[in-house]
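Given chain Y, work out where chain X should sit, using these hints.
Sequence order for the protein chains is Y and X. When we follow my numbering, the leftmost residue of the first sequence carries the number 1, and every step to the right adds one. When we follow my numbering, the leftmost residue of the second sequence carries the number 1001, and every step to the right adds one.
Everything labelled a hint here was simulated from the structure, so no lab data went into it. Fair warning: this is a prediction, and the values are worked out from it, not measured in the lab. Cβ atoms here follow ideal geometry from the backbone N, Cα and C, with glycine treated the same way. There's no promise every hint is true.
Claimed, not checked - Here are some of the chain X residues that sit facing chain Y, going by a computed Cβ distance under 10 Å:
#	residue
1	Lys-1069
2	Ser-1072
3	Ile-1074
4	Lys-1095
5	Gly-1101
6	Val-1102
7	Leu-1114
8	Leu-1123
9	Arg-1125
10	Asn-1271
Said to hold, decoys possible - Restraint ranges, calculated between C-beta atoms of paired labels, are given here:
#	chain 1	residue 1	chain 2	residue 2	range
11	Y	Tyr-138	X	Gly-1022	53 to 61 Å
12	X	Asp-1131	Y	Arg-268	39 to 47 Å
13	X	Gln-1091	Y	Arg-98	33 to 41 Å
14	Y	Pro-30	X	Asp-1318	53 to 61 Å
15	Y	Ser-191	X	Gly-1061	35 to 43 Å
16	X	Asp-1131	Y	Ile-8	29 to 37 Å
17	Y	Phe-19	X	Lys-1326	53 to 61 Å
18	Y	Tyr-259	X	Ala-1325	45 to 53 Å
19	X	Val-1003	Y	Arg-268	27 to 35 Å
20	X	Thr-1078	Y	Arg-98	31 to 39 Å
21	Y	Tyr-215	X	Asp-1131	52 to 60 Å
22	Y	His-6	X	Glu-1049	57 to 65 Å
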Amino acid sequence: MKKLLHSIWHHLSIVFFNFKLTVQSQMEYPSFLVGWLLANPLQFGFGILGIFIIVSNFGSIGDWGFQEITFLYGISVVSHGLTVVLFIQTWNIEYSVRYGEFDRYMLRPLGVFFQMITSYINLIGLTDMIPGLVILIYGCVGVGFEPTPLNLFKLLITILGAVLIRGAIYLLSGSVAFFTKSSGALIEVDSKLFDAVSMYPVSIYPKGVQILFTYLFPIAFISFYSAREFLGKTDGLPMFGNAYLITLLVGALVFFLAYLFFQWGLSRYESSGS
Amino acid sequence: MAVSIEAKNLTKEFIVTKKEPGLKGAFKNLIHSEKSVFRAVNKINFSIEEGQVVGYIGPNGAGKSTTIKMMSGILQPTSGDVTIRGGSPFQDRKKVVRNLGVVFGQRTQLYWDLRLGESFELLRRIYEIDDATYQRNLGILNDILNIQEIIDTPVRQLSLGQRMRGDLAAAILHSPPVIFLDEPTIGLDVDVKYCVRQFIKDINDQYHTTIILTTHDLGDIEELCRRIIIINHGEIVHDCSLETLMNEFAPNRRLIVDLYQAPQEPIELRNARVISQEGARICLEYNKKETSTGDVVEAIAANHSIQDISIEESNIEDVIRTIYAKDSESA
Chain Y
1 MKKLLHSIWH HLSIVFFNFK LTVQSQMEYP SFLVGWLLAN PLQFGFGILG
51 IFIIVSNFGS IGDWGFQEIT FLYGISVVSH GLTVVLFIQT WNIEYSVRYG
101 EFDRYMLRPL GVFFQMITSY INLIGLTDMI PGLVILIYGC VGVGFEPTPL
151 NLFKLLITIL GAVLIRGAIY LLSGSVAFFT KSSGALIEVD SKLFDAVSMY
201 PVSIYPKGVQ ILFTYLFPIA FISFYSAREF LGKTDGLPMF GNAYLITLLV
251 GALVFFLAYL FFQWGLSRYE SSGS
Chain X
1001 MAVSIEAKNL TKEFIVTKKE PGLKGAFKNL IHSEKSVFRA VNKINFSIEE
1051 GQVVGYIGPN GAGKSTTIKM MSGILQPTSG DVTIRGGSPF QDRKKVVRNL
1101 GVVFGQRTQL YWDLRLGESF ELLRRIYEID DATYQRNLGI LNDILNIQEI
1151 IDTPVRQLSL GQRMRGDLAA AILHSPPVIF LDEPTIGLDV DVKYCVRQFI
1201 KDINDQYHTT IILTTHDLGD IEELCRRIII INHGEIVHDC SLETLMNEFA
1251 PNRRLIVDLY QAPQEPIELR NARVISQEGA RICLEYNKKE TSTGDVVEAI
1301 AANHSIQDIS IEESNIEDVI RTIYAKDSES A
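Chain X extracted, bound-state conformation:
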C-alpha cells in the first residue's frame, strides 16, 4: 500500500501575547506585553495509507484544525514535516493542493452572492476540469447529494444542510485523491448527516480516496473510520482501530436479567460480577472476550427462571470521555 500522508515530528507554535484586562491593562500592554509560546501541535507522527478513512478526534483546542491547516498548506509548520503524496503542502503548495479537497464545516468556500452552480463553474476553470469529467462528477454528486435541487439557489439562501452539501460537492469536483473534512457534520440534522456519511463512504469505495475526518460526532467515527487518531494538548495519545480502543478501555459488557421471582439470597456467579440486585432485576458485568453471554445466562438459568434479558454494550462516548479526562489529569 502506498503512503498517502506522512507527518514527522510535525510541530506548530503560536506566539500568544498575554493581555491584561481593563483600560489600565490596555495601556500597560502598549509599553510592555508578555509574550509566550503556545505549542498547538507537538511533534506528532503518523502515516496514512492510500484509501484509508481516518477519524482525527480530540477535545476543542486539541490541535485538530491546526494539523489540518498544516496539511493543506495554510499554515507553515514551526518544525518537522508533513508530506501529501510525497509533496510538501507549504513549499510546493500549488502542486499539492491540486490533489486535495478540503471542507471546513464552520466556514463555506462558496461564493456568497452567487448561485451554487457558478461556484462550481469557477472551480472547474481553476482546476481545468475537462468537460466529460465535469459532467460525470456532477452526475455522481447529484446522485449522492441531490445537487440539482439546489444548484440554482444563491448560496446565501441555502440552509446549513444544503450549504454543506454544496461545500462537499465543491471539494471533490476535481476528483482529488486526498480529502480533509474538518467537522463536516457540525450542526446538521439526522437526514443530512446520513447523507454526508453516505457520501464519504461512496467516494471512498468508488475512488479509493484517502480521507481524514475531524468530528465531535462519534456516530461519524463509528460508521466511517476503521482507524482513529486521538489528539489532546497537541500530542497524539492513541492511534489504533476503534475496536482496539474499545477493547482496551471498555473490555466489559453488561447484562440485565429479569427473573420471574426475586431470589431469596444474593446471587453469586463464577464467571460474572454482580453489580446490583434489586428485587427480580439483576445487573451483571463480565469481560466480553473471556466470557460468552450464553455461559452467563446458562449459569443463572441453572437456579432461577429467567423472564427477560437485555445486553448493554459499552458506550463509545463514555470511552472517549474517559480518555480525554484521563489525559487532562496527567497533563
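One chain only, chain Y, in its complex shape:
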C-alpha cells in the first residue's frame, strides 16, 4: 500500500513537472499559440455555420432541430479539445517509430506509455476548448438543459468517456506504425470520422453504419447516445439506460484494448540507425 502510494506520488510529480516544462517550452514560440488561437475557433465557427445553413434550408436533420444539434456538436467539440490536450502524442507515434524516439523513453525506469503521453501536454488544445464551450453552452441554453448538479455530473462523465473513446482510437491507429512504419493517414481518417459521426445524430445514417459505429468503432458514444438521452429522443436505435455511464464504460474498455495493442507494437519496436 505504501509502495503504491509512493508510486502514484512519483508519477504525479513527473506529470506536474512535465506539464511545467511543456508550458515553458510552448511559451518559447508564442506566435504559434496565437496562430492556433485564431485558426481553431474559425474552424468550429464554420462547422456550426454549416449546420445552421443545412437546418435552416431543410427545417431539421432527422428530427433534430438546430439547437439540439448544437448541443450534440458542443459535446463533440469539447471532448475533441480535451483529447487534443491530453493525447496528442498518439498522433506522433508514427514519427517516433521512424526516428527512433522511443529509445529515450525506454532508457528511463518508467512506463513508456506513461512517459510518451505525459511528455507533451498540449496547451494548443485549449484553443479548441474555447469555441467548444461556447457552442456547448449555447446548445445547453437552446435545448433548456437544466444545470442541476446531477445533470452537470452526467455531462462531465459523458465528456470523459468521449475523450477516452477518441484517445483510444487515435492510440490504436497510431500504434499501427509499429508494424507498418506509417499511420498518419489513419489518424486523418479518424479525425474525419469523428467529425462526421459526432456532429450529426447517428440516427440519420443507414442501419449498417449505425451498427458499425455503435459496436465496432463506438464513435456514436462520443456524443450521440448521451445527448439523445438528455433530450429524451427515441428512434430505432437501442436505448442504453444511463447512457453517460455506458459511454464511460465503453471508453475505458476501448482504451484498455488500445493500450494492449500499443504494448504489443512496442515489443516489436526496432529503433533506427546507429
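Frame of chain Y, contents of chain X only:
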C-alpha cells in the same frame, strides 16, 4: 570480481525488405516484395567485470549500436541473452535501466527547447535522486565538465561540444554503476575530446563504474580501454587487451638511422632487417620482443658513426585497419 555484464549467444535479426528501384519497382513491391533476414549480431559472447572500461569497436554497420541497444533494453534479442548485474534489460527493463547511464553521441537525450538545468531537474524526479546526492553529483560534474557555464542555456543553443557535456552529465546524475557510451567523441574538437576522456577516467576511478565505449577514435581506445572487443559482420573477432592485439598484429618496430657518411656497401645486420637504404639514411625493422633497440644501435655503431636515430612505433590505426580488412576478405 563480480560480473557486471554478460552476453550469451546474443543474436539480433532484422527482416529486410528488398525494394526494387523506380516507379515500376514501387508497384511491384506493393504486390510482392522479397524479404530476407539480416543478422546484425550473431551469437556473441562476452563477460565484463565490474569496473572495467571496455572499448567496443568495429567498422560502420558491424553491429555495435545494435548490441548497445539490446544491452539497454531498447531492442529485444532474437535469441540468446544478455544480463546487466543479473537482470534482463528487456524483460526487467525498469529495474535494469535504473542502474544504467546511456549516451548516444548522435542523438541527444535532452529537452530541446529548455534550459539544460531543467532536463536535469526532470531526471532528478524520474530517478528520485535525493537532494544531497543531486547537489553532490552536480558539484562533481561541474568540476569535470564545467556544467555551471551552460546550465542556463537552452539546449538548442548549445554547441555540439557543450551538448555532449550536457548529455554526459545527464547520463550519470543518478550515479549508475554501468554506463554505455555510443560514440561519445564524434565530431568533437580536441579540447572537448580531452574533457570527455578525462570524465570517463574520473568516474571510473572514483566510482568503479563499468563502462562500455564504442568509438571510431582510436585515441579514445588507447587512452581509456585496457580491453577491447572488436566486432565485424555481427561477430566478435577479437577480445583482448590493446597490448596483446598490438603484439600479435604489429610485433615489429622501425628504427631510422642517419649516418654521417653514406656507407659504401649495403648494410647487413644479424638482429634486424634492412628495409631501405638511401644515402646516409637507413631504415630497419625488428621484432620488439626479441630484439632490444640498444642492440641494434650498437651493431650499427660498431662499423659506422651515427648522427641521429628515431624510432617508429607501429600505428594502432594501421593495426585496426589490417584487422577490419582481413576480416572482410574472409567473410
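Original post:
So does Val-1003(X) sit 27 to 35 Å from Arg-268(Y), Cβ to Cβ?
Top reply: holds, 30 Å
Original post:
Is 35 to 43 Å right for how far apart the beta carbons of Ser-191(Y) and Gly-1061(X) are?
Top reply: holds, 40 Å
Original post:
Holds or violated: is there a CB of chain Y closer than 10 Å to the CB of Arg-1125(X)?
Top reply: This interface hint holds because 5 Å falls under the 10 Å limit.
**OP:** Grab the minimum C-beta distance from Val-1102(X) to chain Y and call the hint holds if it beats 10 Å, violated otherwise.
**Re:** holds, 5 Å
Original post:
Can Leu-1123(X) be said to touch chain Y, with a Cβ gap under 10 Å?
Top reply: Holds, about 8 Å.
**OP:** Could you tell me whether the CB distance from Asp-1131(X) to Arg-268(Y) stays inside 39 to 47 Å?
**Re:** holds, 40 Å
Original post:
Does Lys-1069(X) pass the interface check with chain Y, least Cβ-Cβ distance below 10 Å?
Top reply: It holds, given that the least Cβ distance between Lys-1069(X) and chain Y is near 6 Å, below 10 Å.
Original post:
Does the Cβ pair Phe-19(Y), Lys-1326(X) satisfy 53 to 61 Å?
Top reply: At 56 Å between Cβs, range holds.
**OP:** Identify whether the interface hint at Ser-1072(X) stands, where standing means a beta carbon of chain Y within less than 10 Å of its own.
**Re:** Result: holds, 6 Å to nearest chain Y Cβ.
Subject >> Whether the CB-CB distance between Tyr-215(Y) and Asp-1131(X) falls inside 52 to 60 Å >> reply: holds, 54 Å
Subject >> Interface restraint verdict for Gly-1101(X) against chain Y (beta-carbon cut-off 10 Å) >> reply: The hint holds - Gly-1101(X) has a Cβ within 10 Å of chain Y, the shortest such distance being about 9 Å.
Original post:
Is 53 to 61 Å a correct range for the gap between the Cβ atoms of Tyr-138(Y) and Gly-1022(X)?
Top reply: Roughly 56 Å apart at Cβ, these two residues keep to the hinted range, so it holds.
Violation of the numbered hints given earlier is confined to hints 10, 13, 16, 20 and 22; the remaining hints are satisfied by the structure.
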